[in-house]
Amino acid sequence: MELNLSEALRYLGAPGEPDPALLAQLSAMSDKLTRSVTPRYIWRVFPLSFRGEGPTLEGAGLTLPGGMAARMLEECSQAVLLACTLGAGFEALLRAEQARNMARAAMLDACGSVWAEAGCDQAEGKISARFPELYRTDRFSPGYGDLPLALQKDICALLDASRRLGVQVTDSFLLNPSKTVTAVIGLSERPQPARIRGCGFCNLRENCQYRKGGKTCGA
Amino acid sequence: MELDFLYNGLVILDGAMGTVLQQRGLPPGGKPELLNFTNPGLLRSIYREYIEAGSQILCANTFGANALKLAGTGYTVDQVVSAAVAVAKEAAAGTDMKVSLDLGPLGELLEPLGTLSFERAYGYFKEVAVAGEKAGADLVSIETMTDLYEAKAALLAVKENTSLPVLVTMSFEQSGRTFTGCTIPSMARTLEGLGADAVGLNCSLGPDLLAPLLKELCENTRLPVIAKPNAGLPDPATGKYGMGPEEFVSALLPCLEAGVTIFGGCCGTSPDYIRALSKALEGKMPAPRTYRSTGFVCSAMTPCFLGEVRVIGERVNPTGKKRLQQALLEQDLDYVLDLAVQQEDAGADILDVNVGHPGVDEAVLLPQAVKKIQSTVALPLQLDSTNPAALEAALRVYNGKAAVNSVNGKRAVLDRILPIVKKYGASVVGLCLDENGIPQTAEGRVAIARRILDAALGYGIPAEDVWIDCLTLTVSAQQEQAAETLKAVRMVREELGLQVVLGVSNISFGLPNRAAVTRSFLTQALSAGLTLPILNPNQREIMDAVAAFRALSGEDAGCRDYIARFANAAPAQTAPAANPALTLEDAIARGLEGDAGRLAREALQNQDELSLVEQRLIPALDKVGADYEAGRAFLPQLLSAAQAAQAVFEAVKSSIAEKGGAPVKKGKFVIATVKGDIHDIGKNIVRTVIENYGYDAVDLGRDVPPEAVLDAVKAQDIKLVGLSALMTTTLPAMEDTIRLLHTLEHPPVIWVGGAVVTPDFAAQMGADYYARDARQSAEIARKVLGS
Chain A
1 MELNLSEALR YLGAPGEPDP ALLAQLSAMS DKLTRSVTPR YIWRVFPLSF RGEGPTLEGA
61 GLTLPGGMAA RMLEECSQAV LLACTLGAGF EALLRAEQAR NMARAAMLDA CGSVWAEAGC
121 DQAEGKISAR FPELYRTDRF SPGYGDLPLA LQKDICALLD ASRRLGVQVT DSFLLNPSKT
181 VTAVIGLSER PQPARIRGCG FCNLRENCQY RKGGKTCGA
Chain B
220 MELDFLYNGL VILDGAMGTV LQQRGLPPGG KPELLNFTNP GLLRSIYREY IEAGSQILCA
280 NTFGANALKL AGTGYTVDQV VSAAVAVAKE AAAGTDMKVS LDLGPLGELL EPLGTLSFER
340 AYGYFKEVAV AGEKAGADLV SIETMTDLYE AKAALLAVKE NTSLPVLVTM SFEQSGRTFT
400 GCTIPSMART LEGLGADAVG LNCSLGPDLL APLLKELCEN TRLPVIAKPN AGLPDPATGK
460 YGMGPEEFVS ALLPCLEAGV TIFGGCCGTS PDYIRALSKA LEGKMPAPRT YRSTGFVCSA
520 MTPCFLGEVR VIGERVNPTG KKRLQQALLE QDLDYVLDLA VQQEDAGADI LDVNVGHPGV
580 DEAVLLPQAV KKIQSTVALP LQLDSTNPAA LEAALRVYNG KAAVNSVNGK RAVLDRILPI
640 VKKYGASVVG LCLDENGIPQ TAEGRVAIAR RILDAALGYG IPAEDVWIDC LTLTVSAQQE
700 QAAETLKAVR MVREELGLQV VLGVSNISFG LPNRAAVTRS FLTQALSAGL TLPILNPNQR
760 EIMDAVAAFR ALSGEDAGCR DYIARFANAA PAQTAPAANP ALTLEDAIAR GLEGDAGRLA
820 REALQNQDEL SLVEQRLIPA LDKVGADYEA GRAFLPQLLS AAQAAQAVFE AVKSSIAEKG
880 GAPVKKGKFV IATVKGDIHD IGKNIVRTVI ENYGYDAVDL GRDVPPEAVL DAVKAQDIKL
940 VGLSALMTTT LPAMEDTIRL LHTLEHPPVI WVGGAVVTPD FAAQMGADYY ARDARQSAEI
1000 ARKVLGS
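Residue numbers (our numbering), protein chains in the order written: chain A, 1 to 219; chain B, 220 to 1006.
So that you can see chain A by itself, here it is in the shape it has in the complex (with noise of 0.2 Å):
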């Protein structure tokens, strides 16, 4: 598993061609993280069925509302319920930062978000060599486009992340601890086009310099 530096980069809002020494210190950072910090992620498969509101995962009592779950999935005959935290190493280490340099924190604070993502990926390596024959959607969260951030709540129940991960869900829907995703990923016999794309499918989404400044990285 790599860290990609430049998504590394875009998230503290420097993209392009970056300054060697601003490199070099987000690179040390990079190692420091992926040496003491390895993602751990758990997953489960639900059989999906499309009586009434939303598609709906068997077993488990849970609809997922909204009009994208829907498109996501209607060509999907399971789901995958994934969770993924650099866990509470990952807040000391960035406690420990803080308390050092703000600058390295800011960028060990990046870092932690694009390895958090890094081992999503890997899961889904597992996922698909798990179901060799079956394709796989695009991953998507709650806060995606019109999928509701409550539903943290009912993935994790779903998943035991507390118990199997030691991730709680506030009464805000905030996970804790910081650098944890939850995503579902579909699963179909045929194959399925890439849909997420754009900001409306970003991480960054809600903090982003370049929207905020009504400009898009173009990524």
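Hints listed in this document are in silico derivations from the structure and should not be mistaken for laboratory results. Predicted model only: the values in this text are computed from it and were never measured. A few of these clues could be false.
[To be verified] Below, computed lysine-lysine pairings styled on BS3-like, alpha-carbon distance capped at 25 Å: (1) B:Lys250 to A:Lys153; (2) A:Lys153 to B:Lys288; (3) B:Lys459 to A:Lys153; (4) A:Lys32 to B:Lys591.
Following the hints, complete the assembly by docking chain B onto the known chain A.
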């Protein structure tokens, strides 16, 4: 209570409840505690199966029966606990089965990871424990803990509010740590010290993977050890656990050989597994145990075994340090944390923490300092105070096994402090002095050491937790005492076998070139048997001497640490001398923290503090700020400059404190992440940048209720408040906070920012300003507070 069987012979617990219920139709994610009301018959039938399978203790169905997890169910803790215990007791009627109250994690993360305080966690556990004893539970099982701090809150709550025996099990990953980084020795020795009756591991892994961890646990405790593994790991595709009963039991038997005596099952197990276990254990005897008896202190994450040299950092002590005295009077715990961080980086193993100073309420400040340091620094702490209330308050909130500095040979002192040391399972430093002062001979000091040891043993404190300070006297004043001290060190080590502490720096007081004398004395004392030198780890040459000693004594196998220490130092020695052309302004712009601090100290030789800030620091920051706005510099560069500016401010503050002058005060602002928001690096970035223009932050932290912001504004007459919100779900809390502040006759100026906040939201909510980033926030502060 006839629970002697816990300590003699083998004991069989029950297996899983949650996963068995799921097999019988409870949907995943459901609340099993409600079945105590809706389907007690199902629970009773499962219990009966466990009884028939050979269980001797049943866990009541109360794993999640705390007020946090029951919120919204319509049931109180008392109702659920009494129903659950009653169901288990009904099933056990007519047998000699014991029923255990089951305490699982609260479902909210404790500080520093979450926002739940230790004291509130204690309160929730207390409520369940009291209800459990009232309902007739025979004992308590604290289970599936991954945070040692939460386990401690639960254990204290049970011990202080009930008379029930208590078993504690935690969940570990294959790495040998819990999710929060707790190690096996930290867990075992902390919980034993706090008075658990048995400790063990449950959940997370199958018996095959838990076996090596259980072996380590058996070596680190004298208590009976519990194993409650899962039935292997769950298959993500089906949710089924991988091990059948036979495989489970055969993987569990090596744990018996390692010394485990109490067995049960966790997720994925069932009455079939317990039946197979009972059969396999029939006629078996407990294996002999080998406890590793050793001096030990720890935080949750850092175990520290004693015997070899362990350096205790002495810097968090206000004696003779004006800057720290000022920080303590202002309750500036960030400064205390800085001192701790520096010593951790310098290689200290343990940190002494002393906040005693006239005008400081130690009973309030010491526990706060402990929490603050432990939020960031992983080293074990030595709590340094003579005030029993302060020590008790600090030991209570300490996460791990601490040391207490100190007692001495005076009976009254021993009787005041040792019961507290015992209750919290701490180690204790005994000073070799008594009512008659410091004995002038080594023999006299050793006699006091012996008395201290006897008193500790009398209170049930094991010898391994007693450390003796033979006392360093100043060689320039009492020259012959240096030899007596060294002799006492040797005698305490050889005759009593105890850990030896010495504050070594004191030896050289009043002499020129103190480091040479200190270093020489340190080396001699280490040779005589000193294991715990208290010193300033920031003095490189002193730490070099420790490194050299460890290489010569063989503690540093292959001289690896010694070589690494100087391999890293080599480039610094060959680096060119500081660039003479570098200006303070350049150092700030380029984020060169060390150079900026040095240049500031030089500049302060012929420039006053205020003009240094106004004429040089702030223009330099402005230039970086302008580059940032123009897109020529990015966030890391802005923050590096802020970091360098902080070094300049530290030089300014020290200079003023040394002169005894009034600190520079340019105005205070309150900053907070609103209620419901727990991630706060954005807020911390903003704070750092504003502080470097010389304004003082009153940082209320994260998840801050509106009332707390109002209180802070009123109490400190605050003119400017910054609020941060990260999620759409917490914007209403921001709005509530603004509304509440606007009820003041003279409301402060409010600026808002954070991930989801936009200029439009800000205006709608009635904020005075919106800030896109840290730079804009700093501009607002300057406009409102003046420069």
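Structure-based check of each hint:
For the hint pairing Lys250 of chain B with Lys153 of chain A, the CA-to-CA distance comes to about 13 Å; that is within 25 Å, so the pair holds. Between Lys153 of chain A and Lys288 of chain B the CA atoms are separated by roughly 13 Å; this keeps the pair inside 25 Å, and the hint holds. With a CA separation close to 22 Å, the supplied pair Lys459 of chain B and Lys153 of chain A stays within the 25 Å bound. Taken as a hint, the Lys32 of chain A and Lys591 of chain B pair is honoured in the structure, with Cα atoms around 24 Å apart against an allowance of 25 Å.
Going through the hint list in order, the structure satisfies each hint without exception.
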